[in-house]
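Q: Fit chain A to the given chain U structure using the hints.
Just so you know, the sequences run in chain order U and A. The working numbering numbers the first residue of the first sequence as 1 and each following residue consecutively. The working numbering numbers the first residue of the second sequence as 118 and each following residue consecutively.
Since the hints were derived computationally from the structure, they do not count as laboratory data. The reader is advised that the hints may include incorrect statements.
Below, computed lysine-lysine pairings styled on BS3-like, alpha-carbon distance capped at 30 angstroms [as the list claims (entries may be wrong)]:
#1 U:K64 x A:K309
#2 A:K234 x U:K74
#3 A:K231 x U:K68
#4 A:K231 x U:K74
#5 A:K271 x U:K64
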Amino acid sequence: MKILLVDDEEKFVSRLAERLELRGFEAHWATTCDGALYKAKTEYYDLAVLDVKMPRLSGIDLKKMLEKINPDMKFIFITGHGSEEDYDMGTREGSFYIIKPFKIETLVEKIEQTLNL
Amino acid sequence: MEKEIGKICAEGFSFFGMTNRLISHELKNILAIISETLGLIDELMELSETGMELEPGKLRSLSESVIEEVERANSIIRNMNTFAHSVDEFIREVDISQTVTLMTEFSQLDSALKNTKLRLMDCGSCVIYTSPFFLEKLIYHVIDFSLRGAGHEKEIRVSFDSDDNGIRIIFSGIASNIIGEFPTKKEDLLAKVLSAKVSLDTTAGELTIALPKRIGESFIQNLLPED
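This is chain U alone, in the form it adopts within the complex (with noise of 0.2 angstroms):
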């Protein structure tokens, strides 16, 4: 199973995908909107793990133009922020929504569970 993470947090993001790779996924990362884009267009991903707030685009704009070019994408939301507003949108728009920092096991569990493991 091949993820894509996306946070303008470059040791977050990059960490987080070693240790990803150490359960068994196929995780590549990148840290703004344009390298994520580039990267769905040139691999298939099956699920893209997203921080709402980055630079240029927001997660819930990049998620659209993700899912355009690759419709059976599935969604995991990631934030620092805990508001309600964020929560709600979150899982408006994706399958889960965790607030960082979390535990890799809950981001596991929420991968698994996304896409039917």
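A: Just chain A now, with coordinates in the frame of chain U:
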């Protein structure tokens, strides 16, 4: 007068709420980095116990990045503390360089989200007698508007100068075709509180806050606590 006091108090509360949101967001990001880094270190150690070679260079780099994040968090908390103290006294001597630095640092997340650099020029030191809290709020509003209306260079430069009459804080790099009215009623009220003047020069691409060396008669004096 009472209506204005009510408005300015409401603005003050909302400013405190907004800065708390910004700070908690940043701290959560830092905690997430620390959590992932320590989690990875732990997993690499576990793997080394099963025979996988452990790279000392990688471990060092991971542990150094935890230290960096702790320093970043410390800097944010230090700013938060400075900001919290700005309501200790409604009117006092204020170092403009420190105040502008504090507000530019608070606006870094916004600056990143708007893909625009916020650069503070070195202008030395300058002290005026004013309201630190409402000055911070006015500077924050001006930065927010400047970031939304940045010119093609995508860089807002913040500088200040002073003469016998007072000081000017200048925000340059604003697009000449900037959309939106500024200052609005909110900034006008803050400017009134501070005996200041906010002006936008679209030809020069500059927004200026002009402040007197000593705040004039202001209704916020009624907000001073009674001993």
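Q: Look at each hint and say if it fits the structure.
A: How the hints compare with the structure:
For the given pair, K64 (chain U) sits about 45 angstroms from K309 (chain A) by alpha-carbon distance, which is inconsistent with the 30 angstroms threshold. Restraint check for K234 (chain A) and K74 (chain U): not satisfied, since their Cα atoms lie roughly 34 angstroms apart, outside the 30 angstroms limit. Under the criterion of a C-alpha separation no larger than 30 angstroms, the hint pairing K231 (chain A) with K68 (chain U) is consistent with the structure, at around 24 angstroms. A distance of roughly 27 angstroms separates the Cα atoms of K231 (chain A) and K74 (chain U); the hinted pair therefore holds under the 30 angstroms criterion.
Between K271 (chain A) and K64 (chain U) the CA atoms are separated by roughly 26 angstroms; this keeps the pair inside 30 angstroms, and the hint holds.
The structure shown violates the earlier hints numbered 1 and 2.
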